[in-house]
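Novice: Line by line, the protein sequences give chains A and B.
So that you can map any letter, position 114 of the first sequence is 114 in our numbering, and since no number is skipped, the others follow by simple counting.
Count along the second sequence from 1, then add 1000; that gives the number in our numbering.
Read the hints as simulated data drawn from the structure, not as lab findings.
Glycine included, every Cβ here is placed at the ideal spot set by N, Cα and C.
Mixed in with the good hints, there may be bad ones.
[As the list claims (entries may be wrong)] Derived DEER-like restraints, expressed as beta-carbon distance ranges:
1) B/Gln-1003 to A/Ser-62: 19 to 29 Å
2) B/Leu-1110 to A/Gly-16: 25 to 35 Å
3) B/Ser-1054 to A/Gln-41: 24 to 34 Å
4) A/Lys-71 to B/Pro-1111: 44 to 54 Å
5) A/Gln-14 to B/Leu-1110: 19 to 29 Å
6) A/Thr-112 to B/Leu-1051: 22 to 32 Å
7) B/Gln-1003 to A/Gln-80: 25 to 35 Å
So the chains spell out like this:
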Amino acid sequence: EAGVTQSPRYAVLQEGQAVSFWCDPISGHDTLYWYQQPRDQGPQLLVYFRDEAVIDNSQLPSDRFSAVRPKGTNSTLKIQSAKQGDTATYLCASSFLGSSYEQYFGPGTRLTVL
Amino acid sequence: QQQVRQSPQSLTVWEGETAILNCSYENSAFDYFPWYQQFPGEGPALLISILSVSNKKEDGRFTIFFNKREKKLSLHIADSQPGDSATYFCAASDDAYKVIFGKGTHLHVLP
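This is chain A alone, in the form it adopts within the complex (with noise of 0.2 Å):
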């Protein structure tokens, strides 16, 4: 079975600039979610899914951050005019909603924002 799939794993940009990631869950699982960890911290949930449906987003910085799964399946977590407090860590992660209750991540993408 494929685990959680994110890309890309780096991502260097200046301030101002924008930029995606990507997240690939693992195939069936029904709630997908985003984390920012910033460098020695524990993962901090941004926003989680069930199915194509947004259930929370009230961590998402509104005006800068945002984040879709039109399917389901894949989702892309974007920021706008990135700003150097953003260098973290951002994971995706996912979970089969009638299983455990484990959440399983991915590799995450390293953002640094000079």
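Position chain B relative to chain A; hints supplied.
Specialist: Below, chain B alone, put in the same frame as chain A:
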């Protein structure tokens, strides 16, 4: 306010010793407590978890001890191996979806 606190921030043990990682939480509504293991360059992976109805959970060399009254739990890693060197995150949730992570404990196991 940090809802899930972990200590120590860093821990070094010798191979074969038992490593003890501590965790405490604020929200009495939390009822699911997973521990995740993360190696550099990788995403976290679930190691072991416990529900608040239990006070102990074992899986091989890994044991969670849970004290609901004191809102504390600990992860014991018996017979620690160099391959156990990683960052360990204690997490908590009241619905199994919105999981709150602590800041992690960096474990170093010396051969």
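Novice: Run every hint past the structure and note whether it holds.
Specialist: Results for each hint:
A hinted range of 19 to 29 Å holds for the C-beta pair B/Gln-1003 and A/Ser-62, which are about 22 Å apart. Taken as a hint, the range 25 to 35 Å is violated for the pair B/Leu-1110 and A/Gly-16, whose Cβ atoms sit roughly 45 Å apart. In this structure, B/Ser-1054 and A/Gln-41 meet the distance hint of 24 to 34 Å, their C-beta atoms being roughly 28 Å apart. Separation of A/Lys-71 from B/Pro-1111 is about 49 Å and conforms to the stated range, judged on CB atoms against 44 to 54 Å.
Between A/Gln-14 and B/Leu-1110 the beta carbon distance is about 42 Å. The supplied range of 19 to 29 Å is therefore violated. Separation of A/Thr-112 from B/Leu-1051 is about 39 Å and departs from the stated range, judged on CB atoms against 22 to 32 Å. Range check, B/Gln-1003 to A/Gln-80: Cβ separation about 29 Å, and the 25 to 35 Å hint holds.
Going down the numbered hints, you'll see the structure goes against 2, 5, 6, while the others check out.
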